[in-house]
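**Student:** Using the sequences and the accompanying hints, generate a full structural model.
One letter stands for each residue in the lines below.
2 protein chains.
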Amino acid sequence: MLDETDAKTLIDRMGVAARDAAAELAYAPPARKEAALLAAADAVLAQQAEILAANAEDLAFGRDKGLSPAMMDRLKLDESRIAGIVESLRAVAAQRDPVGEVIAEWDRPTGLHIQRVRTPLGVIGVIYESRPNVTADAGALCLKAGNAVILRGGSESFHSSRAIHACMVAGLKATGLPEAAIQLVPTRERAAVAEMLRAVAHIDVIVPRGGKGLVGLVQAEARVPVFAHLEGICHIYADGAADLEKARAVVLNAKTRRTGICGAMECLLIDRAFYAQYGAVLVEDLRDAGVEMRVSADLAHVPGTVRAQPDDFGREFLDMICAAKLVDGVDGAIAHIRRYGSSHTESILTEDDATAARFFERLDSAILMRNASTQFADGGEFGMGAEIGIATGKLHARGPVGAEQLTSFKYIVRGNGTIRS
Amino acid sequence: MLDETDAKTLIDRMGVAARDAAAELAYAPPARKEAALLAAADAVLAQQAEILAANAEDLAFGRDKGLSPAMMDRLKLDESRIAGIVESLRAVAAQRDPVGEVIAEWDRPTGLHIQRVRTPLGVIGVIYESRPNVTADAGALCLKAGNAVILRGGSESFHSSRAIHACMVAGLKATGLPEAAIQLVPTRERAAVAEMLRAVAHIDVIVPRGGKGLVGLVQAEARVPVFAHLEGICHIYADGAADLEKARAVVLNAKTRRTGICGAMECLLIDRAFYAQYGAVLVEDLRDAGVEMRVSADLAHVPGTVRAQPDDFGREFLDMICAAKLVDGVDGAIAHIRRYGSSHTESILTEDDATAARFFERLDSAILMRNASTQFADGGEFGMGAEIGIATGKLHARGPVGAEQLTSFKYIVRGNGTIRS
Chain L
1 MLDETDAKTL IDRMGVAARD AAAELAYAPP ARKEAALLAA ADAVLAQQAE ILAANAEDLA
61 FGRDKGLSPA MMDRLKLDES RIAGIVESLR AVAAQRDPVG EVIAEWDRPT GLHIQRVRTP
121 LGVIGVIYES RPNVTADAGA LCLKAGNAVI LRGGSESFHS SRAIHACMVA GLKATGLPEA
181 AIQLVPTRER AAVAEMLRAV AHIDVIVPRG GKGLVGLVQA EARVPVFAHL EGICHIYADG
241 AADLEKARAV VLNAKTRRTG ICGAMECLLI DRAFYAQYGA VLVEDLRDAG VEMRVSADLA
301 HVPGTVRAQP DDFGREFLDM ICAAKLVDGV DGAIAHIRRY GSSHTESILT EDDATAARFF
361 ERLDSAILMR NASTQFADGG EFGMGAEIGI ATGKLHARGP VGAEQLTSFK YIVRGNGTIR
421 S
Chain V
1 MLDETDAKTL IDRMGVAARD AAAELAYAPP ARKEAALLAA ADAVLAQQAE ILAANAEDLA
61 FGRDKGLSPA MMDRLKLDES RIAGIVESLR AVAAQRDPVG EVIAEWDRPT GLHIQRVRTP
121 LGVIGVIYES RPNVTADAGA LCLKAGNAVI LRGGSESFHS SRAIHACMVA GLKATGLPEA
181 AIQLVPTRER AAVAEMLRAV AHIDVIVPRG GKGLVGLVQA EARVPVFAHL EGICHIYADG
241 AADLEKARAV VLNAKTRRTG ICGAMECLLI DRAFYAQYGA VLVEDLRDAG VEMRVSADLA
301 HVPGTVRAQP DDFGREFLDM ICAAKLVDGV DGAIAHIRRY GSSHTESILT EDDATAARFF
361 ERLDSAILMR NASTQFADGG EFGMGAEIGI ATGKLHARGP VGAEQLTSFK YIVRGNGTIR
421 S
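Protein chains in written order, with full-length UniProt numbering: chain L, 1 to 421; chain V, 1 to 421.
Just to be clear, a hint being listed does not mean it is correct.
One copy or any two copies: either way a pair holds, since identical chains are not told apart in the list.
[Stated by the list, open to error] Straight line, CA to CA, 27 angstroms or less: simulated DSSO-like cross-link-like pairs of lysine-lysine:
#	residue 1	residue 2
1	Lys-212	Lys-410
2	Lys-65	Lys-212
3	Lys-410	Lys-246
4	Lys-76	Lys-212
5	Lys-65	Lys-76
I should point out that these hints are in silico values taken from the structure, not numbers from a laboratory.
**Tutor:** Encoded structure:
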């Protein structure tokens, strides 16, 4: 059993090593980081048998522990999932390197030339649950942006994560990058998590990857800043000026394409003007697709629906369940979303530009959409390549968090013996 | 005496009002914010007699309390300082409005058009000490960026801040903006500060304005994110390839132009190659200008210097005192700065591009300069207009913090009935 002192010693040691590695990574040539990721991908392929054997150990542990089928599924690796890990590593390797980019530059009357230049953030802590592939994905994105990373995988995926981590380290070694660039906390003890959350001297940002329980704990306990979203309670508002066919397609897709992702619609808001024209067609479509519709009193007459309880609004179902409600125009929708939303993603269905502009202007979710499915709330769909998660905080990173969002910047100022008068 | 419960009630009430005001400010037309600031400037001019009378009360209180002459000077207002406040308000009014700016936009193969649009941060908390003008400066910058602000002035400047705050509110009222956009904590009790630092539900960012004691307290206690620098331990490194005349001018300016600002040089690092060529001329120049030179052993032979104690390196003197040391080339300087620096501002004096590039690449201070005085570390000198402070953290805002740095962003995504496959 790891006590608090041991955990502190462990994280201090890993933190110092990470800080040293980060200082070196900050000026590592892009080609070397790319080569390290490609070498890691090769190692994952070469070590496939070892990774699967490690995963079998985890699966046996999970069965003994009585993990749910959903968790067992997230934990499980097979040849196709390993191929996915390899593909992700190669995709991140191929991405543009964000470090060193001149974000802005200008001249001053004093003769100074000022540049704002992108730099790595430093050290990222990633705390995740059962998916072993996060070891590779998060490690790769952090490295791409020149950051050192301290990974703390779920206890269920302990052996799998360790096997994948060994491949990441092989990639670093093969290219002469510091091994401490990607470290894995070598213990299942939870005391190490608590210590990471307090490690402001060693870790610049914590990214939790997992369910509401994990994210809520991290947000409540962390002294280190956190990039995360607690919930994705995504709304779609069907305005009176919506195009019916677009609305039907988007609503169905937003709920049913995949129900378990944070960009899935959880609440449908229907303008009374839309309802007057088209009735409850959107509710009926969802119902017919097998969605349990929990509706407000004025929609309760629609056959096959159930009455929503008050806590069905502002709830993340992550399932074939959807709340629905009539509202008075865009202002009614805005008021509802302000009260019940989670600042993740909301979409308006309308052909009216002024109404869309009002929706965009008066809401402050990380992502606001028009005539598009909320399921597009994703780093890949945004063209950012891989993402480490989606953030709903207002500081630094919002929306999908890719390599670029894992950077900071510094100012480079050039003069010629320039002094201030 | 305000107890903890009262303080919580007070900050909760102010926080809710600020959040409501912020929601409205987020879409306030730029012209209205500008008009509010101009009206506030007019009010300050019109209320000059009342402000000076309030300031006289504070000065009397300060004398009774035995404040130092330096603090009394920071506290004191006169006609010229009031003119300065008016000028600052008008300058911020005239600045470009950052809200709504499209920071980036791109198209996706799916047909989606994605924009990253600048938004206000929300609610800023500003905690300051004796300078009453911060009431106007900080209030104006926050308003410009569409943020509500909760100001907590020092107890010494209580009446002066209240009188200036009344003018800011007059400006808001005159233009129909919510009065709660700029609130001043109406008590001298310190319990209110502790409550602000914990108010994560109400305040998005805290900006402390004051000495190391205040900033250190805020950084240690705050649960709300903080934009600040604890110290400005600025270094200048005179490389072997420096131009002698530029070096002499910059070094003298960086130390002596104003010693009390965070951009003042506190430590001079001289390359042994520079010393071999030019001797201790930079040390002698500073000494002749009246600076107490605390030097390493290998410079101790220079007449009129004193031997540096170990804690003179990494020390912010804010006075006519400077540490100095010989180092082995740019790598010696980098190693010294990594160990003793405060990530604020460092400058290299060299004519060699590769050496400058190495300095820029291997250090991660918020501001790195070449052949320029560290005294340029200032929002005005960067062309940002006014600044609310300088940040040395890595997240969100670094370097001078002006209106633009007090913003966040959101994504606006436009489709045409676009669904995800």
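**Student:** Taking each numbered hint in turn, which are not upheld by the structure, reported in ascending numerical order?
**Tutor:** No numbers; nothing is violated.
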